[in-house]
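**Student:** Here's the letter readout for the chains.
There are 2 protein chains.
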Amino acid sequence: MTTPFEYAEQHASRFEEELCDWLRIPSVSADDAHRDDVRRAAVWVAQQFEQLGLQVEQIETPGHPIVLAEWLGAPGAPTALVYGHYDVQPPDPLDLWQTPPFEPTRRDGNIYARGATDDKGQAFTHIKSVEAWLRTENRLPINVRFLIEGEEEIGSEHLFAYIADHRDRLRSDVAVISDTSQFAPGVPAITYGLRGICYYELRLQGPSQDLHSGSFGGAITNPANVLATMLAALVDDHGRIQVPGFYDDVEPPTDEERRQLAALPFDQSAFFSEVGVDGGTGEEGYTTLERRWIRPSYDVNGLWGGYQGQGAKTVLPSKAGAKFSFRLVPRQNPAKITAALRKMLESICPPGIRMQLIDFHGAPGVVVPLDSPFISAAATAIEKGFGRRPVFIREGGSIPVVSVFHEELGLDTLLLGWGQSDDNMHAPNEKFSLADFHRGILASAHLWEELRRLGTSG
Amino acid sequence: MTTPFEYAEQHASRFEEELCDWLRIPSVSADDAHRDDVRRAAVWVAQQFEQLGLQVEQIETPGHPIVLAEWLGAPGAPTALVYGHYDVQPPDPLDLWQTPPFEPTRRDGNIYARGATDDKGQAFTHIKSVEAWLRTENRLPINVRFLIEGEEEIGSEHLFAYIADHRDRLRSDVAVISDTSQFAPGVPAITYGLRGICYYELRLQGPSQDLHSGSFGGAITNPANVLATMLAALVDDHGRIQVPGFYDDVEPPTDEERRQLAALPFDQSAFFSEVGVDGGTGEEGYTTLERRWIRPSYDVNGLWGGYQGQGAKTVLPSKAGAKFSFRLVPRQNPAKITAALRKMLESICPPGIRMQLIDFHGAPGVVVPLDSPFISAAATAIEKGFGRRPVFIREGGSIPVVSVFHEELGLDTLLLGWGQSDDNMHAPNEKFSLADFHRGILASAHLWEELRRLGTSG
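From first to last, the protein sequence lines stand for chains A and B. Note that our numbering has the first sequence beginning at 24, numbered continuously upward. Note that our numbering has the second sequence beginning at 24, numbered continuously upward.
Quick caveat, the hints were computed from the structure, so don't treat them as lab data. You can take every hint at face value.
Treat identical chains as interchangeable: a pair holds within one or across any two.
Derived SDA-like pairs (lysine to any residue); straight-line CA-CA distance at most 25 angstroms:
hint, residue 1, residue 2
1, Lys342, Gln291
2, Lys336, Glu297
3, Lys336, His384
4, Lys366, Ala255
Input sequences plus hints: build the corresponding full structure.
**Tutor:** This is how it looks when you write it as structure tokens:
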């Protein structure tokens with residue numbers, strides 16, 4: 024008799040090929056030109072589930088479809104809701120990719136492609152672990168419900184609406200997501216806290232057309248100057264965000280949490296040198312890990328305006344704009360922050376400029392209690408899959424769906440990241456370690472068994 | 024006996040026809056496809072000078088030729104160096120022209136064509152006034168040297184090199200340029216001051232590639248945030264530029280100059296509404312005209328970084344950059360300002376960012392003293408030609424050739440603009456008022472006489 028774990032090892036190479044098939048589909052959800060590709064990626068994963076004999080539903084939305092797939096053959100056992108997403112970030116800037124983003128390439132033990140780690144590669148580990156059980160034992164130890172969406176990179180609006188409308192249909196015991204990172208190579212981790220996010224676009228309109236900066240400069244308000252002033256006004260010299268009331272609901276870290284963070288094997292100079300910088304800046308009084316995980320932050324994600332070509336053009340631009348975002352910690356309220364931000368920007372918007380602030384999406388931060396039995400089960404599964412007990416970390420990014428699972432379905436989420444922090448998610452040359460891919464499949468296969476031991480909570 | 028002034032009136036209609044011939048030649052210097060046309064426009068004007076009996080030289084350059092034409096038959100009298108250009112801006116967008124750009128058309132008292140005002144029509148007034156003198160008096164009151172180039176719209180590189188190499192050859196007493204505008208219809212003007220410029224590109228390099236703003240935000244210095252901070256740091260809330268020493272050499276305006284500017288028939292609300300804004304901002308304590316003409320200014324001409332596409336991308340960009348410039352007033356030194364700027368930006372550049380400041384070009388501002396005898400002579404000539412005494416204005420832009428005449432030849436320049444601010448130079452439907460064309464010829468004919476009264480300065 025082959026065990027599910029042996030099966031996973033025997034079929035490792037086919038699993039990689041299948042992942043490559045999925046990665047070849049340029050399912051860029053933010054780009055209308057890729058609308059059909061996004062759908063192809065949904066159909067592709069739905070077929071995977073069908074081939075395994077799961078009950079599959081392709082849920083149409085005004086945006087991209089949601090794939091719901093269930094194996095509910097373990098009555099009395101817990102139900103895990105496994106979330107993943109088949110959409111990917113835009114691949115720009117293309118010229119920085121060593122190999123094309125949608126031609127998956129194996130190199131140095133990694134697979135390089137847009138979506139390799141975020142999230143096709145990681146989501147696929149749970150699909151393959153289910154295959155390993157079903158093809159060997161013809162059953163799973165617990166019930167598993169997959170929810171694979173295509174709008175994670177653009178805000179998950181339709182998934183969230185679907186969840187809110189189908190609370191009973193989706194009732195489960197715990198959520199499982201692999202869309203984060205290990206702490207370091209060889210140091211698997213469970214992420215028990217996430218930052219939230221508020222993301223905005225600010226558009227400034229000055230004169231109705233570009234003007235000559237000689238004839239008009241100094242008297243006509245320049246939207247590019249104002250953009251710089253507004254963006255700069257959002258933070259002070261000590262790295263403190265200046266939106267009124269921004270820190271009101273921020274819980275100061277406990278001494279115990281700060282000690283735990285300080286005890287992690289974090290190599291700060293390696294962290295900086297890996298991204299090619301000689302040092303960093305941030306909120307005064309906090310360590311680098313604290314700045315990334317347990318403190319809010321402010322980033323300009325993009326800005327534009329006026330002449331961007333070669334040489335000198337003496338233009339006073341008619342428009343300028345920026346995208347920027349705040350990372351939030353648990354208890355900060357995105358709506359409250361957006362209101363305060365809007366008021367602040369309007370108050371400093373000078374004569375001659377019309378401003379528009381677009382609120383893209385917001386999500387509060389979340390934490391899962393470290394003494395949760397789900398956390399223990401996952402820790403054991405990871406120890407069996409990776410050969411090493413995980414550390415417990417937080418993550419600076421947001422996974423809005425985690426907040427939605429908590430609010431709409433009352434679920435805690437196990438964030439079992441198989442990736443690495445240098446996997447270049449959202450950047451050129453995104454990759455995923457093939458060893459981690461296979462260890463992730465093993466850990467997932469163990470997870471179903473470990474969760475069975477807990478019984479049903481509901 | 025016919026006077027030169029009577030001659031000009033008698034031959035008005037032929038002068039218009041000749042101008043139309045010149046305007047029909049599509050001498051677009053920026054477009055290689057028009058290379059032969061540009062040369063035809065040079066040959067055309069050289070023939071005009073030959074027919075008048077001037078000494079003509081067509082100077083070949085690696086680009087388009089320069090036409091030098093002289094009448095030096097008044098020994099002991101001053102020599103005026105008359106500058107103009109026979110090249111024109113590209114006519115695009117063509118579909119916005121009511122009549123084709125190179126088919127000159129008379130309509131509503133104007134002549135419509137590319138080059139009508141910038142600069143063929145204006146330059147031609149001085150050629151026709153010379154004709155009026157030579158065909159009636161067989162002499163000019165002073166010596167006149169024309170320098171008509173074909174690269175004004177693309178930077179005048181070869182003209183400037185020629186001037187630097189031929190200082191003695193070009194020795195003159197005053198320069199005359201008609202390539203600007205009157206203050207308003209019926210309000211002729213002498214432009215006695217121009218602002219200078221320093222133009223820069225600032226490039227900031229943060230991490231070696233784009234990073235995820237969730238995982239890294241707050242701890243890795245974001246070059247787009249720093250760009251905003253740096254650009255904002257260059258100006259304070261009162262519109263004062265913050266480069267140390269920036270105002271050291273700025274001469275405060277005299278009460279008399281401020282009174283003169285305030286007395287101009289300037290309609291501020293029309294000025295704002297023409298460019299589609301409801302108001303302006305600038306240096307506190309100064310009027311709109313003062314901000315445009317006699318005070319320095321700071322404009323971001325372009326900026327870029329990170330994600331500029333549709334939707335939300337949570338990126339911490341690897342690079343950001345901007346083009347920006349200062350307009351300078353006379354006595355400010357571009358090199359000194361560049362050095363202080365560089366020092367300031369380097370001092371605020373935070374850990375994790377490498378900055379590069381590129382200095383594109385600088386030119387000091389210029390003023391011709393209002394009590395200069397050349398200004399008085401020109402004012403009298405304009406009064407005689409236009410029937411109204413000119414106002415004295417400044418211009419916020421730079422005219423590089425004016426700086427070159429000052430630096431290389433030690434010449435003050437009389438900027439005698441016959442155009443109107445709504446003549447659409449550099450835009451579709453460029454035009455020139457025929458009345459202003461003929462008044463310009465008269466004023467020019469009077470100018471030679473008025474300048475003779477001054478005697479030689481050199």
